[in-house]
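Student: Take these sequences, add in the hints, and give me the full structure.
These are the residues of each chain, in order.
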Amino acid sequence: MLLYSSSEKDFSFTENEPEHIQTWIDKRHSKPKEEKIEEEERSAEELDKQTKARAKTQANRFESVMAGAIELELWLKEVYWNCLISR
Amino acid sequence: MVDAKAPGLASWVKTLGNLNYNNQDEWPGEAIAIISKLFLLIKTFRNYDNLSPEWQITIKNLVGWSQSTKELLDDNNAERIKDFWLVAGQETETNDDIVTQRNWLIGCNTQQRALILNFATRFSSFESLIVPGSIIHADLAFFPSVTPHRAVVKMQRGLETELPVLPDFFDNWTCAFQYRAKQLQQNPWANDLLVLIRDVRLLNTEKQWVALDMENKYVPLLSSLTLKK
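Just so you know, the protein sequences line up as chains A and B, in that order.
Letter 48 of the first sequence, counting from 1, is numbered 968 in my numbering, and no numbers are missing.
Letter 153 of the second sequence, counting from 1, is numbered 161 in my numbering, and no numbers are missing.
Fair warning: there could be bad hints in the mix.
[Said to hold, decoys possible] Straight-line C-alpha distance at most 27 Å; calculated BS3-like pairs for lysine-lysine: (1) LYS215(B) <-> LYS190(B); (2) LYS972(A) <-> LYS90(B); (3) LYS969(A) <-> LYS13(B); (4) LYS68(B) <-> LYS972(A).
[As the list claims (entries may be wrong)] DEER-style ranges, computed between Cβ atoms: (5) ASP57(B) <-> THR977(A): 17 to 23 Å; (6) LYS51(B) <-> ARG981(A): 16 to 22 Å; (7) GLU998(A) <-> GLU168(B): 29 to 35 Å; (8) CYS183(B) <-> TYR1000(A): 33 to 39 Å; (9) LEU59(B) <-> GLU991(A): 42 to 48 Å; (10) GLN75(B) <-> LEU967(A): 22 to 28 Å; (11) ASP968(A) <-> LYS22(B): 36 to 42 Å; (12) LEU59(B) <-> GLU998(A): 43 to 49 Å; (13) GLY37(B) <-> GLU993(A): 18 to 24 Å; (14) ALA979(A) <-> SER231(B): 43 to 49 Å; (15) ARG981(A) <-> ILE106(B): 52 to 58 Å; (16) ASN84(B) <-> ALA975(A): 22 to 28 Å; (17) ASP968(A) <-> GLU38(B): 47 to 53 Å; (18) ALA979(A) <-> ASN85(B): 30 to 36 Å.
Read the hints as simulated data drawn from the structure, not as lab findings.
We treat Cβ as the ideally placed atom computed from N, Cα and C, and that holds for glycine.
Tutor: Rendered as structure tokens:
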């Protein structure tokens, strides 16, 4: 940013930024980091959530397949005894 | 079985339903063979928690959990074999608008057998082009199993015009059946096994084609097989 002043004497020059500016700069620099950490935390949290959801889906599917397999076993016994052995 | 999300079990039941029940001599034996394998599979699945990790994966695949090709290709710990692979056989089957191409390969140096599946639909062609009789210099990645067999091409290095070394051939059908028995001993559900037999002659009988070995022992070929190809 460029500032042009026609009356230079109206401005005072300092080597360091005034306190309120330094605070503002510090805050500005630290903010993205905080946001980034928050984002990382959130993504880790989301990842954990996703993993848990996936595990739950897998567990539900496993239960469903197991129930189906038990029914199929009964049906096979029925087919074996009634259709093949009695033939 | 479809509702229970077990397409593997469903396909066994479907095979049972598709038997030719008009053939009174054949169907009972075929039905018992299918029922026995299916029954053993269900019993093993019900014992899932007591199985080794390799068996757990194998059984889950047989029941109907699909294996991801992408995950296999990304997995650096997956079994990977580099060899000159002879494409010894190919079969294409259409089922419910899905075309499945089975390719049987044998590693000339390792004698490892591999089955590469290729799928196509009405809207998409086969993922890779595999030509019967070709020799592919490649690294194959194998899906985990107690008897690793199904594979995908991980890295193709080139195509050869001549076999660098001949793969091992069985001397006769007896040796081939001994090999099959050994495979079934390791995995009772092993199928799609590739065997190469030395000096086989094809004979056209009145009913069908048979493959005759040097000891004149023969095995009938599938009646649906078209030898013109």
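Student: Do ALA979(A) and ASN85(B) keep their Cβ atoms within the hinted range of 30 to 36 Å?
Tutor: This hint is violated: roughly 25 Å between Cβ atoms.
Student: Is 36 to 42 Å right for how far apart the beta carbons of ASP968(A) and LYS22(B) are?
Tutor: With Cβ atoms ~40 Å apart, the hint holds.
Student: A range of 22 to 28 Å was offered for this pair. Does it hold for the Cβ distance of GLN75(B) and LEU967(A)?
Tutor: The hint (22 to 28 Å, Cβ to Cβ) holds, given that GLN75(B) and LEU967(A) are roughly 23 Å apart.
Student: State, for the Cβ atoms of GLU998(A) and GLU168(B), whether the hinted interval 29 to 35 Å holds or is violated.
Tutor: Roughly 54 Å apart at Cβ, these two residues miss the hinted range, so it is violated.
Student: Given a hint of 16 to 22 Å, does the C-beta separation of LYS51(B) and ARG981(A) actually sit inside it?
Tutor: Cβ of LYS51(B) to Cβ of ARG981(A): about 20 Å, so the range 16 to 22 Å holds.
Student: Taking 27 Å as the top limit, are the C-alpha atoms of LYS969(A) and LYS13(B) close enough?
Tutor: Answer holds: LYS969(A) to LYS13(B) is near 24 Å, not above 27 Å.
Student: Does the Cβ-Cβ separation between ARG981(A) and ILE106(B) fall within 52 to 58 Å?
Tutor: violated (22 Å)
Student: For the pair supplied as a hint, LYS972(A) and LYS90(B), is the alpha-carbon distance within the 27 Å limit?
Tutor: violated (37 Å)
Student: Next pair to validate is LYS68(B) with LYS972(A); report whether the Cα-Cα distance is within 27 Å.
Tutor: holds (20 Å)
Student: So the hint says 22 to 28 Å: do the beta-carbon atoms of ASN84(B) and ALA975(A) match that?
Tutor: With a Cβ separation near 24 Å, ASN84(B) and ALA975(A) satisfy 22 to 28 Å, so the hint holds.
Student: Confirm or reject the claim that ALA979(A) and SER231(B) have a C-beta distance inside 43 to 49 Å.
Tutor: holds (46 Å)
Student: Return holds or violated for the Cβ distance of ASP968(A) and GLU38(B) against the range 47 to 53 Å.
Tutor: holds (50 Å)
This entry does not satisfy hints 1, 2, 7, 9, 12, 15 and 18, going by the numbered hints stated previously.
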